[in-house]
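Sequence lines, in order, name chains A and B.
Take the first sequence: its position 41, counting from 1, is numbered 33 in my numbering, and each next residue is one higher.
Take any residue in the second sequence, count from 1 to its spot, add 94: that is its number in my numbering.
Read the hints as simulated data drawn from the structure, not as lab findings.
Hints are not guaranteed to be accurate.
To be verified - Here are some chain B residues pointing at chain A (derived, C-beta under 8 Å): (1) Tyr168; (2) Phe172; (3) Leu173; (4) Pro174; (5) Leu177; (6) Leu180; (7) Val183; (8) Ile187; (9) Ser189; (10) Ser273; (11) Val275.
Said to hold, decoys possible - Heads up, simulated DSS-like pairs for lysine-lysine below, C-alpha to C-alpha not over 30 Å straight-line: (12) A:Lys82 / B:Lys213; (13) B:Lys274 / A:Lys98; (14) A:Lys37 / A:Lys118; (15) B:Lys200 / B:Lys116; (16) A:Lys66 / A:Lys98; (17) B:Lys116 / B:Lys213; (18) B:Lys238 / B:Lys213; (19) A:Lys98 / B:Lys270; (20) A:Lys82 / A:Lys98; (21) B:Lys213 / A:Lys98; (22) B:Lys249 / B:Lys200; (23) B:Lys200 / B:Lys270.
Claimed, not checked - Sample of chain B residues with no beta-carbon within 10 Å of chain A, all distances over it, derived: (24) Arg145; (25) Leu150; (26) Glu160; (27) Gly199; (28) Gln204; (29) Ser219; (30) Val230; (31) Val277.
Where is the CB? At the ideal position from N, CA and C, for every residue including glycine.
Chain by chain, the residues:
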Amino acid sequence: MRENRFNITDNNYHVNVDEDFFFPFNILLFSAGGFFFGIYSSQVKTVDASNYDKGTTNRLLKTELIISPSDGHKYRVQIGVIEDIISVTKNDIAAFPAIIEPWAIKWGMWAVMPRNNRIYILLDFKYLIASLSEKNFPLCNDNSYMVDKESALSCNDNSCMSYKESVPPNKKLQYTLFNGELIITQSDVNDS
Amino acid sequence: MSSQDNTTQTSQNKADNEINSKAILAAVRSSINNRGVVDVEEEQVKLVIFRAGGNLYASYGSDVREILPSREIYPVPFLPEYLPGLINVRGDIESALDICFFLGGKRDVQDRVLIMMVKREGFSSGIIVDNIEDVVDIPLSAVKPALSTLSGAAKELISGTIEFSDMTVALLDIEKLASKVSV
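Just chain A, same shape as in the assembly (with noise of 0.2 Å):
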């Protein structure tokens, strides 16, 4: 059996595996924030695009998944605009370049898919939300994480610059990505 190493994250976690031994798997594809992802949809539980209203230009935040990255929580997502599902082999997906891998690895951002004259950016919550969790960002009030600077900035809340250590363990958190378009919330009571 071929093996190939991968070097999943910056921890020195490696895996070896049959180059084949994953594909192919389903994707599914939405945009956010002016970005193109695509998520394994193994990891989508719900999908609920009852928000969307097709009848106004504003497309931000209409569709909601509820994801389970296999971290023993589930966590709502709220995206711009689901795309597709799409099955994937290794033909499809391309590592970073070398000199981006490792900022986009910090964000769960493991691959890129070009298609359709677009890169798809393939993000896994598994990594993502551990490595939000991680990491200390402006809180608000309402326990929102401000994660990227134009929310920061744009935030009103006087309080946004306490951190993350105030928050109580037991408390719903929710994170702010990619210009405000992604919202995660974790949502165990009663999603599913």
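Guided by the hints, dock chain B onto chain A, whose structure is given.
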């Protein structure tokens, strides 16, 4: 002075002149020959002269893989400012680097940009450029040391200067750039 003395003196001057002329001619020939040897043997380097952020730079041609027609940059969230995103090079995904972040100048924000692909050992990336001015072959001796007045990132990334069209052009060191941007 006797006439015999005069004759001897004249002969001596004549001989001196003859010797000098021969020596001078030999020196001239030697100079020409030596010059010819230098011209042939002096190592030449190919340089790509390009403009980025309005400023002129040069890069060794051996480090430049190709110049790509203008194309779209696909942004990636949370990258540092000097990494505007990704480019698609015939199906291969490469990074785009904005050297203006390190070296100054202002890049026009455009949908499509001209890219100079550089490669040095394990490092490969696109560099956003305004345009390619020229590709020249110059003697290696024409590459002068970098200006001592450089500071900051420019001091790290500029390894020399050359004269091009009566202007002093900074020589961008791709190896140092690779070290600078590699995490």
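Would you list, in rising numerical order, the hints stated earlier that this structure does not obey? The structure breaks hints 7, 10, 15, 17, 29 and 31; every other hint is satisfied.
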